[in-house]
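Protein chains in written order, with our numbering: chain R, 10 to 238; chain C, 32 to 186; chain F, 572 to 957; chain V, 34 to 406.
Hints in this document: simulated from the structure, not taken from any laboratory.
Treat the hints with caution; some may be incorrect.
[To be verified] Derived DSS-like pairs (lysine-lysine); straight-line CA-CA distance at most 27 Å:
1. 174/C with 95/C
2. 60/R with 383/V
3. 168/C with 640/F
4. 19/R with 822/F
5. 136/R with 206/R
6. 60/R with 761/F
7. 640/F with 88/R
8. 53/R with 19/R
9. 761/F with 772/F
10. 53/C with 168/C
11. 109/C with 772/F
[What the hints assert, rightly or not] So the derived label-pair ranges between C-beta atoms look like this:
12. 172/R with 168/C: 34 to 40 Å
13. 22/R with 576/F: 33 to 39 Å
14. 168/C with 117/R: 32 to 38 Å
From a predicted model like this one, the values you see are computed outputs, not experimental measurements.
C-beta: ideal position from N, C-alpha, C; glycine also.
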Amino acid sequence: MGFVNFESAKESSMDFGGLPVEVVEAPRGAPSNTVLGTLPNIRKVLFSLFKGMSITLRYLLHPSTVVTQQYPENRNELKMFDRYRARLKFTYNEAREHHCTGCLICEMVCPNASIIIHNRKGPVTGKKEIDHFLWRWDICTFCNACVVACPHNALEMTGNFESAVYDRRLLIYNLNAYAGPPANALKKIEDPEERKKAMEARDVYCEFTPMAGASLPGIAPLAEKKEQD
Amino acid sequence: MESEELFQYIASLEAAARPSEKPSDLPTIEVPPEHFLSLMQQLREDPRLYFNMLQVHTAVDWVKKGIFELLYQLYSTKDRQSLRVLVELPRENPVIASVCSIWRIAEWQEREVYDFFGVLYEGHPDLRRLFLEDDWKGFPMRKDYEDDFMLEPGQ
Amino acid sequence: MNVHVSTLDEKTRSSLAIESHSETEEYFINMGPQHPSTHGVLRLILKLDGETVREVIPVLGYIHRSIEKISEYSTYRQIVHLTDRMDYLSAIMNNWAVARTVEKAAEIETNERIESIRTIVSELERIHSHQLGWGVLGMDMGAFTPFLYGFRDREMITDILEETIGARLTMNYIQPGGVMFDIHPDFVRKVKEYLAYFKPKLDEYEDLLSGNPILQQRLRNVGIMDAETALSMGATGPVLRASRVPYDLRKIEPYGMYGEVEFRVAIGTAGDCWDRYYVRIEEMRQSMRIIEQLIDNIPEGKFLLKKPAAKLTIPEGRHYSQIETARGVLGFYIVSEGKETPYRAYFRTPNFHNLWSLTAMAPGGRVGDLVAIISSLDLVIPDIDR
Amino acid sequence: MDMLDFFPSSILQAADTSWQTVTIAQRASSAFRDHDLSGTIGYLLLGLLFTAGLLTVLGLVLIYAERKLAGHFQCRLGPMRVGWHGILQSAADGLKLLLKEDIVPENADKLLHLGAPVLSLMATVLTLAILPLSPTLQVVDLNIGVIYVTAVTSLGVLAILIAGWSSNNKWSLLGAMRAGAQIISYELSATLSLLVMVLLSGSLQLSEIIQSQSDGWWIWKSHLVGVIAFVTFLISTTAELNRTPFDLPEGESELTGGFHTEYSGLRFAFFFLAEFVNMFVASALIVTLFFGGWMPFYIGGWDGFNSIMGLIPPGIWFAGKSAFFIFLLMWFRWTFPRLRIDQLMSLEWKILLPVGFINIFLAALIVLFEWHF
Numbered sequence: 010m011g012f013v014n015f016e017s018a019k020e021s022s023m024d025f026g027g028l029p030v031e032v033v034e035a036p037r038g039a040p041s042n043t044v045l046g047t048l049p050n051i052r053k054v055l056f057s058l059f060k061g062m063s064i065t066l067r068y069l070l071h072p073s074t075v076v077t078q079q080y081p082e083n084r085n086e087l088k089m090f091d092r093y094r095a096r097l098k099f100t101y102n103e104a105r106e107h108h109c110t111g112c113l114i115c116e117m118v119c120p121n122a123s124i125i126i127h128n129r130k131g132p133v134t135g136k137k138e139i140d141h142f143l144w145r146w147d148i149c150t151f152c153n154a155c156v157v158a159c160p161h162n163a164l165e166m167t168g169n170f171e172s173a174v175y176d177r178r179l180l181i182y183n184l185n186a187y188a189g190p191p192a193n194a195l196k197k198i199e200d201p202e203e204r205k206k207a208m209e210a211r212d213v214y215c216e217f218t219p220m221a222g223a224s225l226p227g228i229a230p231l232a233e234k235k236e237q238d
Numbered sequence: 032m033e034s035e036e037l038f039q040y041i042a043s044l045e046a047a048a049r050p051s052e053k054p055s056d057l058p059t060i061e062v063p064p065e066h067f068l069s070l071m072q073q074l075r076e077d078p079r080l081y082f083n084m085l086q087v088h089t090a091v092d093w094v095k096k097g098i099f100e101l102l103y104q105l106y107s108t109k110d111r112q113s114l115r116v117l118v119e120l121p122r123e124n125p126v127i128a129s130v131c132s133i134w135r136i137a138e139w140q141e142r143e144v145y146d147f148f149g150v151l152y153e154g155h156p157d158l159r160r161l162f163l164e165d166d167w168k169g170f171p172m173r174k175d176y177e178d179d180f181m182l183e184p185g186q
Numbered sequence: 572m573n574v575h576v577s578t579l580d581e582k583t584r585s586s587l588a589i590e591s592h593s594e595t596e597e598y599f600i601n602m603g604p605q606h607p608s609t610h611g612v613l614r615l616i617l618k619l620d621g622e623t624v625r626e627v628i629p630v631l632g633y634i635h636r637s638i639e640k641i642s643e644y645s646t647y648r649q650i651v652h653l654t655d656r657m658d659y660l661s662a663i664m665n666n667w668a669v670a671r672t673v674e675k676a677a678e679i680e681t682n683e684r685i686e687s688i689r690t691i692v693s694e695l696e697r698i699h700s701h702q703l704g705w706g707v708l709g710m711d712m713g714a715f716t717p718f719l720y721g722f723r724d725r726e727m728i729t730d731i732l733e734e735t736i737g738a739r740l741t742m743n744y745i746q747p748g749g750v751m752f753d754i755h756p757d758f759v760r761k762v763k764e765y766l767a768y769f770k771p772k773l774d775e776y777e778d779l780l781s782g783n784p785i786l787q788q789r790l791r792n793v794g795i796m797d798a799e800t801a802l803s804m805g806a807t808g809p810v811l812r813a814s815r816v817p818y819d820l821r822k823i824e825p826y827g828m829y830g831e832v833e834f835r836v837a838i839g840t841a842g843d844c845w846d847r848y849y850v851r852i853e854e855m856r857q858s859m860r861i862i863e864q865l866i867d868n869i870p871e872g873k874f875l876l877k878k879p880a881a882k883l884t885i886p887e888g889r890h891y892s893q894i895e896t897a898r899g900v901l902g903f904y905i906v907s908e909g910k911e912t913p914y915r916a917y918f919r920t921p922n923f924h925n926l927w928s929l930t931a932m933a934p935g936g937r938v939g940d941l942v943a944i945i946s947s948l949d950l951v952i953p954d955i956d957r
Numbered sequence: 034m035d036m037l038d039f040f041p042s043s044i045l046q047a048a049d050t051s052w053q054t055v056t057i058a059q060r061a062s063s064a065f066r067d068h069d070l071s072g073t074i075g076y077l078l079l080g081l082l083f084t085a086g087l088l089t090v091l092g093l094v095l096i097y098a099e100r101k102l103a104g105h106f107q108c109r110l111g112p113m114r115v116g117w118h119g120i121l122q123s124a125a126d127g128l129k130l131l132l133k134e135d136i137v138p139e140n141a142d143k144l145l146h147l148g149a150p151v152l153s154l155m156a157t158v159l160t161l162a163i164l165p166l167s168p169t170l171q172v173v174d175l176n177i178g179v180i181y182v183t184a185v186t187s188l189g190v191l192a193i194l195i196a197g198w199s200s201n202n203k204w205s206l207l208g209a210m211r212a213g214a215q216i217i218s219y220e221l222s223a224t225l226s227l228l229v230m231v232l233l234s235g236s237l238q239l240s241e242i243i244q245s246q247s248d249g250w251w252i253w254k255s256h257l258v259g260v261i262a263f264v265t266f267l268i269s270t271t272a273e274l275n276r277t278p279f280d281l282p283e284g285e286s287e288l289t290g291g292f293h294t295e296y297s298g299l300r301f302a303f304f305f306l307a308e309f310v311n312m313f314v315a316s317a318l319i320v321t322l323f324f325g326g327w328m329p330f331y332i333g334g335w336d337g338f339n340s341i342m343g344l345i346p347p348g349i350w351f352a353g354k355s356a357f358f359i360f361l362l363m364w365f366r367w368t369f370p371r372l373r374i375d376q377l378m379s380l381e382w383k384i385l386l387p388v389g390f391i392n393i394f395l396a397a398l399i400v401l402f403e404w405h406f
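Sequences are here, hints too, so could you generate the full structure?
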């Protein structure tokens with residue numbers, strides 16, 4: 010058994026197509042495959058075997074080195090990083106007003122069409138506004154393109170990664186809490202009654218989402234409605 | 032070597048090879064298919080050029096012009112020179128000589144190009160589909176390829 | 572002209588028809604697509620003579636997702652996120668390959684801050700890729716423990732990257748014209764802490780596996796590939812460098828901040844599995860050196876110079892540029908017609924080219940050697956299939 | 034009948050080097066001679082129950098220990114979910130394997146396929162019967178014990194060969210062939226090491242081998258030959274057990290599972306159980322031959338120390354010593370990579386076997402000139 014000495018990793022310079030390249034060579038001891046050739050190395054061979062064993066033993070004897078996280082048990086302590094990208098959400102101000110104008114830029118930049126936007130003509134303002142903002146969690150790749158592309162900062166990615174459901178149709182969400190103009194357009198509506206009328210409440214699963222019975226291409230409607238989370 | 036010098040030298044080796052006028056970011060030459068193999072052989076073996084790496088081989092389907100544009104991108108570890116060789120083939124019956132005997136990686140790359148574009152390589156020792164099933168109909172990377180599962184662009 | 576197109580069936584039949592000189596009967600065995608040491612869905616048809624491998628026929632396509640075809644319908648920014656899914660262990664470097672090609676072609680300037688961040692995260696990713704490669708090699712050699720040690724240390728890097736990027740595997744971080752997020756305020760501190768942590772751990776790696784005579788016996792003089800063959804086989808990255816060709820794009824065609832930092836190219840001497848293994852170990856050291864030089868002086872500046880919603884077109888023509896990922900040269904070739912989407916996009920992926928050298932190295936060895944060779948190539952199958 | 038005080042006496046009695054072995058079989062026959070029918074049947078049942086119980090307990094404990102140790106070797110926790118710190122994990126696994134579908138490949142040789150795991154487990158159970166766990170806890174004490182052990186353990190390789198052959202799977206066959214070559218080769222040097230100990234102790238009977246160590250364990254008092262025999266025996270039993278670094282017949286990363294690729298459910302559990310109990314058998318043999326069996330650890334002249342050591346019952350001594358060697362085997366497994374098949378063979382035929390032959394020659398000289406202590 011030839012044995013490689015680590016001290017023999019040596020640094021040198023080489024020529025590559027006229028360019029001097031500083032290199033470091035992998036160590037290479039003289040191999041000997043005869044039985045007698047083993048004998049001079051037997052001490053080193055045994056020593057290195059024991060060295061490897063001492064490493065594993067050290068970890069065995071130090072339970073503080075354990076890195077396991079007991080996932081479902083540690084749910085309460087588990088904190089995802091702020092930037093973790095798992096679930097797309099609308100950003101809202103204090104009055105629960107979103108910032109989406111329905112400009113369709115996110116739908117355009119989305120690489121795999123996981124955003125589908127339905128706009129409508131506002132009943133109060135008479136302008137184009139968001140009706141349904143559908144997001145398909147089942148095909149989203151979390152590339153964050155929609156969030157960075159949004160000119161109004163109306164979208165954000167949050168850390169809720171627990172998406173397991175029994176039917177993938179449940180992963181198609183209506184993101185906007187209400188159909189209506191964005192916050193800065195609502196500001197211009199003085200009358201609170203009018204403002205209330207402009208904001209028509211939308212459920213997570215409603216109308217265009219398959220949960221409500223309507224269907225997207227290739228997806229059959231689901232009869233029952235899931236509890237809103 | 033400067034690209035002008037390179038082009039001249041290559042032209043002295045193989046008269047049919049001429050610098051390409053197509054927009055390209057590397058020194059590019061074009062060669063007609065019938066002079067292709069001898070040119071490639073010389074590019075590999077000529078001691079001044081010595082292109083010993085075939086870095087890229089792929090094809091582009093110019094469906095409107097009715098041609099396949101084959102691309103061979105060579106690299107020489109001798110003087111760190113890159114060269115791009117373009118060959119145009121008719122879309123009907125695209126056959127070209129294989130360069131497997133010069134660079135062994137070509138065997139692999141040519142199978143990929145055959146698989147996706149249907150370009151046939153003469154002299155390839157084992158020309159068959161690489162990624163797709165043997166009984167696949169058509170060549171999917173061609174621009175006019177259609178099958179039942181394709182979505183319309185934008186859908 | 573009539574060119575014969577063969578089939579897999581025909582290939583195996585003709586391969587069996589070749590007369591062997593041994594008196595035993597040769598037989599085929601299917602290694603994969605579900606096999607513990609083919610690291611995914613690689614299928615190898617082995618022609619064996621007892622335990623000796625006579626021929627290897629790779630069968631690909633079990634995870635082909637037509638990234639090139641999808642790219643033809645995607646904008647350049649959308650292509651970036653597809654590349655995460657090729658070599659998922661060097662996702663950031665894949666992003667960089669696209670970003671670099673697009674930047675070169677569309678003449679987008681970047682600043683030093685962007686290039687520093689890109690270099691640091693790429694080197695972090697290279698370290699974690701090699702850590703995984705080290706662990707998987709150990710596992711393929713029958714030692715399961717290194718695998719988990721590698722994962723343990725890799726986890727910390729993914730945590731650091733996650734804090735900045737928000738994703739652990741499919742990063743989609745480097746964009747044409749910058750990076751998607753600025754680095755997290757804790758990033759510099761955590762990277763420094765990590766380097767201080769990992770240096771002694773790397774020595775431990777060496778004691779545990781490199782120093783083990785059994786592993787040395789398994790890897791040395793197995794799967795030898797000389798420099799000529801390696802070049803002709805199109806191998807790049809650690810596989811080529813192990814064959815004593817110091818072809819490292821970070822040195823040869825410096826990009827990012829690589830021209831301004833000091834590091835050495837790790838090379839092997841014989842081109843066997845041991846060299847390929849050790850080149851990776853040494854590259855981890857050199858990557859740490861690179862990060863150390865850059866981490867303290869990331870220049871100030873903007874992190875994204877081009878608006879993500881802005882139109883991005885590339886002038887008509889053929890554009891190619893390449894990047895040294897953890898596994899070799901990733902080239903991105905664009906044929907543009909001046910539109911927002913490429914006319915043709917081609918990825919020259921390192922694993923696709925490295926895998927081919929397996930067919931030259933494996934014959935003559937045992938099944939155990941074949942496993943050693945596969946894991947010394949450090950293959951990522953989705954990168955082969957694209 | 035003295036069955037009522039059998040267990041207290043056998044487990045709690047303080048160790049004494051002058052103990053005479055009384056096996057369960059001997060008790061049964063003496064009861065038979067005394068025309069004590071209930072005693073005879075009782076002792077016979079006890080022997081059966083003892084073997085079966087040992088098998089079960091060992092299976093549960095060793096599998097749990099292996100998983101827990103592997104976890105902590107690897108900075109993990111190991112099983113944590115079933116019971117306190119996963120203590121019921123192996124029972125739950127056993128239950129799961131029981132309930133799993135027993136899949137037999139369509140073109141498999143059904144009879145052999147079904148029979149192989151049983152044979153494998155049987156070979157293990159047969160050896161359990163003669164292990165001298167303590168002077169009283171031994172089912173039967175054959176006067177050819179060493180030969181019996183070598184003969185019966187080699188039935189295991191037959192089971193593996195049958196399993197690999199009958200599965201009609203090339204990976205299984207490769208694994209079985211590897212197992213055949215490996216185990217038969219390593220059996221040679223294992224037997225040579227056994228012979229050294231037989232030479233030194235002058236007996237084939239396990240209880241007598243232990244008795245011969247009453248004035249010191251063979252590992253101390255046999256000069257170098259005992260140490261060499263011990264190292265060879267340790268290496269070759271590891272190989273016979275198919276454990277890393279010699280786990281080629283299973284070699285998960287090479288052969289997907291080796292000879293038991295096609296086994297599932299209870300039949301897989303049999304192989305699994307056999308492997309773990311074999312580990313105990315191997316450790317027990319090492320302890321018996323080289324480390325004084327159930328003899329306590331005495332240091333000459335240190336009377337106070339010796340009397341404290343003597344208080345620990347022999348059964349505990351034996352279990353503790355075996356546990357150490359089981360731990361050693363597990364430690365090997367979770368540290369080392371595996372050898373290649375040709376390296377494995379050359380290790381045996383080029384190194385271990387010549388060393389074994391020289392060693393047995395040396396041992397003969399030592400015994401001839403009575404050089405040992």
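Hint check:
1. 174/C with 95/C: The given pair, whose Cα atoms are some 10 Å apart, holds under the 27 Å limit.
2. 60/R with 383/V: Holds: residue 60/R and residue 383/V sit about 25 Å apart, inside 27 Å.
3. 168/C with 640/F: holds (17 Å)
4. 19/R with 822/F: Judged against 27 Å, a Cα distance of about 19 Å means the pair holds.
5. 136/R with 206/R: holds (14 Å)
6. 60/R with 761/F: The hint is violated at about 30 Å.
7. 640/F with 88/R: violated (39 Å)
8. 53/R with 19/R: holds (21 Å)
9. 761/F with 772/F: Given pair residue 761/F, residue 772/F holds - Cα atoms ~16 Å apart, limit 27 Å.
10. 53/C with 168/C: violated (33 Å)
11. 109/C with 772/F: This hinted pair is violated, its Cα atoms lying about 39 Å apart.
12. 172/R with 168/C: 34 to 40 Å: holds (38 Å)
13. 22/R with 576/F: 33 to 39 Å: At roughly 49 Å between Cβ atoms, residue 576/F and residue 22/R fall outside 33 to 39 Å, so the hint is violated.
14. 168/C with 117/R: 32 to 38 Å: holds (34 Å)
Consistency with the previously given hints fails for numbers 6, 7, 10, 11 and 13, ordered from lowest to highest.
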